[in-house]
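**Student:** For this one, chain D is given, so just place chain P on it according to the hints.
2 protein chains.
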Amino acid sequence: MLNEMGKRARAAFRPMARASTETKNAALRTLAEGVMAEAPAILAANARDVSAGQVGGLSEALIDRLTLNAKRLSGIAADLRALAELPDPVGETFDEGVLPNGLRVRRQRVPLGVLGVIYESRPNVTLDVAGLAIKTGNAAILRGGSETLHSNRALMAVVQRALAQHGLPADAIQFIDSADRALVLELLQLADGVDVIIPRGGAGLHRFCREHSRVPVITGGVGVCHLYVDESADVERALDVIHNAKTQRPSVCNSLDTVLVHRALAGEFLPAVVDHLRPAGVTFRAEPRALAVLPTSLVSQASPAGPDDFDTEWMSLVLGLKVVESMDEAIEHIAAHSTAHSDGILTRDAANARRFVAEVDSAAVFVNASTRFNDGGQLGLGAEAAVSTQRLHVRGPMGLRELTTYKWVVEGDYHVRP
Amino acid sequence: MLNEMGKRARAAFRPMARASTETKNAALRTLAEGVMAEAPAILAANARDVSAGQVGGLSEALIDRLTLNAKRLSGIAADLRALAELPDPVGETFDEGVLPNGLRVRRQRVPLGVLGVIYESRPNVTLDVAGLAIKTGNAAILRGGSETLHSNRALMAVVQRALAQHGLPADAIQFIDSADRALVLELLQLADGVDVIIPRGGAGLHRFCREHSRVPVITGGVGVCHLYVDESADVERALDVIHNAKTQRPSVCNSLDTVLVHRALAGEFLPAVVDHLRPAGVTFRAEPRALAVLPTSLVSQASPAGPDDFDTEWMSLVLGLKVVESMDEAIEHIAAHSTAHSDGILTRDAANARRFVAEVDSAAVFVNASTRFNDGGQLGLGAEAAVSTQRLHVRGPMGLRELTTYKWVVEGDYHVRP
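The listed protein sequences correspond, in order, to chains D and P.
So the first sequence is residues 777 to 1194, counted in the numbering used here.
So the second sequence is residues 777 to 1194, counted in the numbering used here.
Rather than coming from a laboratory, the hints here were simulated on the basis of the structure.
Keep in mind it's a predicted model, so treat the numbers as computed, not measured.
It is possible that some hints are incorrect.
Identical copies go unnamed one by one, so any copy, or any two together, can satisfy a pair.
Each computed SDA-like pair below joins lysine to any residue, with the alpha-carbon atoms no more than 25 Å apart [to be verified]:
#  : residue 1 : residue 2
1  : K783      : A1111
2  : K783      : D1151
3  : K847      : A828
4  : K783      : V998
5  : K783      : R986
6  : K847      : P1194
7  : K783      : E1108
8  : K783      : V960
9  : K783      : A1134
10 : K783      : S922
11 : K783      : T1115
12 : K783      : D1084
13 : K847      : D1151
14 : K783      : H988
15 : K847      : G980
16 : K783      : R794
17 : K783      : S1079
18 : K783      : G980
19 : K783      : T1088
20 : K783      : D1189
21 : K847      : A837
22 : K783      : V1011
23 : K847      : G1158
24 : K783      : M1103
Pulled out of the complex, with its shape left as it was, chain D reads as follows (with noise of 0.2 Å):
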């Protein structure tokens, strides 16, 4: 079956790619309509998946992430709207120059190919990821959650018929109509099919794809994130930074988990913290240095940092409180517990933030910010497929840009090699 989808989607990614930027946003705007005059139908098939998940015994978090409803669609169908008014990455030139030899040379962007890309319970992924494909002129094959099957079908018949009002392929944007999970398996070893994975998930599903891909894979989405509060911080401002980076939606990757601060300002600011960002129920998990800072009124407050928990990426509003010696010991501790996602330093001293930026290798690394703005949309891209903790083409958000790759062209009068 796979084999079979990976053809068409091979054959409809050359139409899809010499598509017109007109007409692709044509069709995205289309799409948009559709979801909005689909509604019902797109609430019906959602209402099943909904139900059948609360029979289920899903979490009501997992229930909440795979409800749809009026607003919801809304705001997806506000969404691909936008996208259709960003500018098109296709056919951009880079590197253009003329060679000694008189060759003109230049870099033109293409899109990248066929995306697979697996994720789980929430649909509107669905129509982000196939909005992102229609812009780029990528195909896409893509694998949702077994629980949101029927939310899926429905929202896959607005995206084909919006393609095909438009003479685009239908098989530009193909679904796994299955809950079999052997075919996540299958669509990893699709090597001629799928030119990169993209899983959007937990990091089980991140790992169980980079250990069992013949496709390249854009890892990430795992952020184990540190603030490290340099001696030169300004108290009350580096409080409001560390409260918006770990309660703002402390549920993703880009929230913080470790707060690494300098030993002569941790008396007066561990303190501080603590108290700041109890009220939001934030608790916290201290190593021995900074818990002998807390005063008795608070120490009750933090339990003691166990082997695992700074290397934990929480999830939720548990912070991890760490005293350093320097600003060395912070960058080793970085590099030695950090995801590489995000990470920053509050300082304000220049020469501290320039060594800094250049010793931590991470995504994004952050000067006085929080690190909640390493995301496509803060970061200007306009939008996003995933965030990449890997190294190889893309770090970071994954933006319109990083959605394509680029071919040579060389044009010369017919020119030989000497």
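**Tutor:** Chain P in isolation, oriented as in the chain D frame:
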């Protein structure tokens, strides 16, 4: 064993990534001097490999690839000195800007990480890759062919002395000093120790890496390359380009495999191709329409093309010939048979050139130029580690910049995400 090497490479990567351009260039110059100073020891070690190869029955071509001599060592030393003169991509910034909220955002080039390079008989690759890795601040684990073990040991001693002399970690460039093939598989599984696998060798090696690696692989190097001769082509000059693309160095991946000729030109052009190339020893595989236009005096030079001939990378003085009804048929043939390495058009028609460039999606697309230009040196990159035919991260020549990735640097004034 490889686990330990991976850990040491990972540790050595950090000081490499931070090393100044001056230090890296000084190490390259010392390495060049060392190659010349140690020439007697290197050549003695190489002689052991060569005589073992002769006893073991290696082909003359392989013995030639394996052999070092004073002239080749001088060439290698000159390449290392040239590498020292090239600009350092590490630290370059791009996409710099200020967002509406005042965040200052940029991307900054950083080394790719730990490279795992697997290659076959040529010992010069050892210094080639060592030099590229030093220049770009990467670490590397090298796995050369078992038939070059003594040569590689002697070369690696020079590399490690050059690193140490400039305060760089000797573990930055490590060599798997064993003929055990199981270690290749172990290297491919070293997900924590290696960031990218770069195979340099034949199609079998690339396939093996793709199938077994848990680490991203830059596959490439296999080229079934085409030139399409449009009806408007300048016949005389087209012959020279085809002659160059086929015969200048037939054993490499960017040499020409198939000529596609527009029907209107075939009767004139194909006999001229056979006439022009057979003195160089070229033999031909022609499909029926191409055979039909050869005069009796030439038809014996060509055999009928077999079913797989148009999917064969010849690596030798064999050339496929095919007549097409139109440029569309040429583009379809290329889409079906090309490995997306190097394909071109010979034409005087600017509109046809534009359409060919738009529709042929190969790593390098040529207009009126030999496919032999798909090479880092020829395209102005100064050096290359490999030629990629996959779509992720790099297409075509992998030069210095392609051996880097980037990190996002985000500087704010204690910004929080609303």
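**Student:** Take the hints in turn and mark each one as holding or not.
**Tutor:** Against the structure, the hints:
1. K783 <-> A1111: Between copies only: 13 Å across chains, 43 Å inside a chain, cut-off 25 Å.
2. K783 <-> D1151: neither (33 Å within a copy, 31 Å between copies)
3. K847 <-> A828: within (22 Å within a copy, 75 Å between copies)
4. K783 <-> V998: between (32 Å within a copy, 22 Å between copies)
5. K783 <-> R986: both (23 Å within a copy, 20 Å between copies)
6. K847 <-> P1194: So K847 and P1194 pass the 25 Å test across copies only (20 Å; inside, 65 Å).
7. K783 <-> E1108: between (48 Å within a copy, 15 Å between copies)
8. K783 <-> V960: Only inside one copy: K783 and V960 sit 17 Å apart there, 32 Å across copies, limit 25 Å.
9. K783 <-> A1134: between (45 Å within a copy, 22 Å between copies)
10. K783 <-> S922: within (24 Å within a copy, 39 Å between copies)
11. K783 <-> T1115: between (36 Å within a copy, 16 Å between copies)
12. K783 <-> D1084: For K783 and D1084, the Cα distance is within 25 Å only across copies (20 Å; inside one copy 45 Å).
13. K847 <-> D1151: Within one copy only: 23 Å inside, 53 Å across.
14. K783 <-> H988: both (21 Å within a copy, 23 Å between copies)
15. K847 <-> G980: neither (31 Å within a copy, 53 Å between copies)
16. K783 <-> R794: Result: close within a single copy only, 18 Å intra versus 45 Å inter.
17. K783 <-> S1079: Cα proximity of K783 and S1079: none, with 55 Å in one copy and 32 Å across.
18. K783 <-> G980: between (29 Å within a copy, 23 Å between copies)
19. K783 <-> T1088: Intra 41 Å, inter 21 Å, cutoff 25 Å: inter-copy only.
20. K783 <-> D1189: neither (37 Å within a copy, 51 Å between copies)
21. K847 <-> A837: within (18 Å within a copy, 69 Å between copies)
22. K783 <-> V1011: Close neither inside one copy (58 Å) nor across copies (38 Å); limit 25 Å.
23. K847 <-> G1158: So K847 and G1158 pass the 25 Å test inside one copy only (21 Å; across, 55 Å).
24. K783 <-> M1103: between (53 Å within a copy, 24 Å between copies)
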